[in-house]
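Peer 1: Here's the letter readout for the chains.
2 protein chains.
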Amino acid sequence: MFHQRLLERTQKLNTRLCLGLDPRLNAHGSFEQMKQQTLAVLEGVAPYAACVKPQAAFYEAMGLEGIAFMVELMRLARTLGLPVLLDAKRGDIGSTAEAYAQAWMTGEHAGNALTVNPYLGFETLRPFIDAGRKNGGGVFVLVKTSNPGSKDLQDLQTPQGLLAEVVAKALDQIAAEEGDGISSVGAVVGATHPAELKKFRDLMPRATLLLPGLGAQGARAEDLADAFNAEGVGAVVSASRGIQYASADLDVEAAVQAAIGFRDQLNQAVQH
Amino acid sequence: MFHQRLLERTQKLNTRLCLGLDPRLNAHGSFEQMKQQTLAVLEGVAPYAACVKPQAAFYEAMGLEGIAFMVELMRLARTLGLPVLLDAKRGDIGSTAEAYAQAWMTGEHAGNALTVNPYLGFETLRPFIDAGRKNGGGVFVLVKTSNPGSKDLQDLQTPQGLLAEVVAKALDQIAAEEGDGISSVGAVVGATHPAELKKFRDLMPRATLLLPGLGAQGARAEDLADAFNAEGVGAVVSASRGIQYASADLDVEAAVQAAIGFRDQLNQAVQH
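Residue numbers (full-length UniProt numbering), protein chains in the order written: chain A, 1 to 272; chain B, 1 to 272.
One thing to keep in mind: the hints can contain errors.
[Stated by the list, open to error] Here are the in silico distance ranges between beta carbons for each label pair:
| id | chain 1 | residue 1 | chain 2 | residue 2 | range |
| --- | --- | --- | --- | --- | --- |
| 1 | A | GLY181 | B | GLU253 | 48 to 58 Å |
| 2 | A | GLN160 | B | GLN173 | 21 to 31 Å |
| 3 | A | ARG220 | B | GLU177 | 32 to 42 Å |
| 4 | B | GLY161 | A | GLU222 | 31 to 41 Å |
| 5 | B | GLU72 | A | LEU25 | 51 to 61 Å |
| 6 | B | PHE31 | A | GLU8 | 37 to 47 Å |
| 7 | A | ARG126 | B | GLN173 | 46 to 56 Å |
| 8 | B | GLN4 | A | LEU80 | 26 to 36 Å |
For the record, the hints were derived by calculation from the structure and aren't laboratory data.
Every residue, glycine too, gets a C-beta built ideally from N, C-alpha and C.
Given only the sequences and the hints, what does the whole structure look like? Please build it.
Peer 2: Here it is, written out as structure tokens:
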């Protein structure tokens, strides 16, 4: 199960960092140079990362060869033993959700985790959750996203609490089907909302949390301690641009050093 | 603009049918046979359809060659003069949403409409809306989906109305930026909720509605009259399996006849 592997890797390598890889073609001289730098960052940062998170949008934006490269990159991550969390935020109904789960959580992609969107309802998460349970993967469901506009819907008051809390409670119920331990149903909670981390941590005790927003989006590692459980685990924090594009000349060693810096900051946050 | 082209085609060909193309590899003998039948259905049904709606999940489920085929299919639709509505339900924040818009609403895909998910907030719809306005395309934002579980979040009561109504009102405000006519901001409202169609039609007078769920999902054309405006336009209704897989032997002529049947039912619904 993805979340179990993530936990073991966090404990073994003492890292809570999720390496985001969101390559932008216009930051590079050519597609080939983009590929080489992205793969080199993946290889260089892997020993310091709990998982890698390619953001599907940036690969889709490079057309078919970009999507082919995303698959190649996930293959390299697997060879490196690095768990792959594909950030594609898919979501659809019935057999269409099944098709997305088949696309990104089975076969070559078995064992992957996938980010999914709950707007269509909890039943629509089932094909993704089932695929994760069956194939050793997992999901991270959007609960509270890192952007300012997340308040528009996610913070609306409903009879069962704020909308994001309704989602969180439903996810914990689904997670409980797997027992009281760590579940295959994780949650996305933006690192830019430190004041809310404890609430979501408490609402979803079985869930591994994915916190995007470190670095470029303004979140600071020292504000994120509440996302972790009493053992200092149970969450990973992703940084993307702040690693891959840490230096203007796209130096891979600078990316590695940036990753080590984020890793250390997160470890310090957990110790305090 | 996509929605304007859709309206003109509806008026010219007297059709409110959106041809859903969601090929399932296991329904065919081989990938090549799937391709040939899908393209033949597209060509055969085009004269009776207002637009074509490939569902990205089913192509992604066939791997890279499936995605390449989706692009090929959209190219053929363009050659046939058929507006393309890519049903990919994308949604993400900031530069990631921009990357998705770049992927599917610019360049070769300029002029396409894309379905998008509002859970992350209204600001996150902007890159898609902007790309549509700039490139002659448009969006269809999920408001109320056709599945039973759509009630889980979309029907929750909030201080500003049901969640789906909050989305609908926000979309109409955004649409109003384009004036009082037909806007590039459409909405998805499930055909399986006939009792709610009038409400959403009234909340979003500028929006073209996309109604999925005809046929296989149980919606009936005669129940959908309220989705259309006083002129009998302003909405398209999609059918997928009920057309492409109308006959067990995957006969293309049977698909064409099924499409003509749906078209006629929708036209009758509007006349009553």
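Peer 1: Can you name, in rising order, the numbers of the hints this structure does not satisfy?
Peer 2: 5, 7, 8
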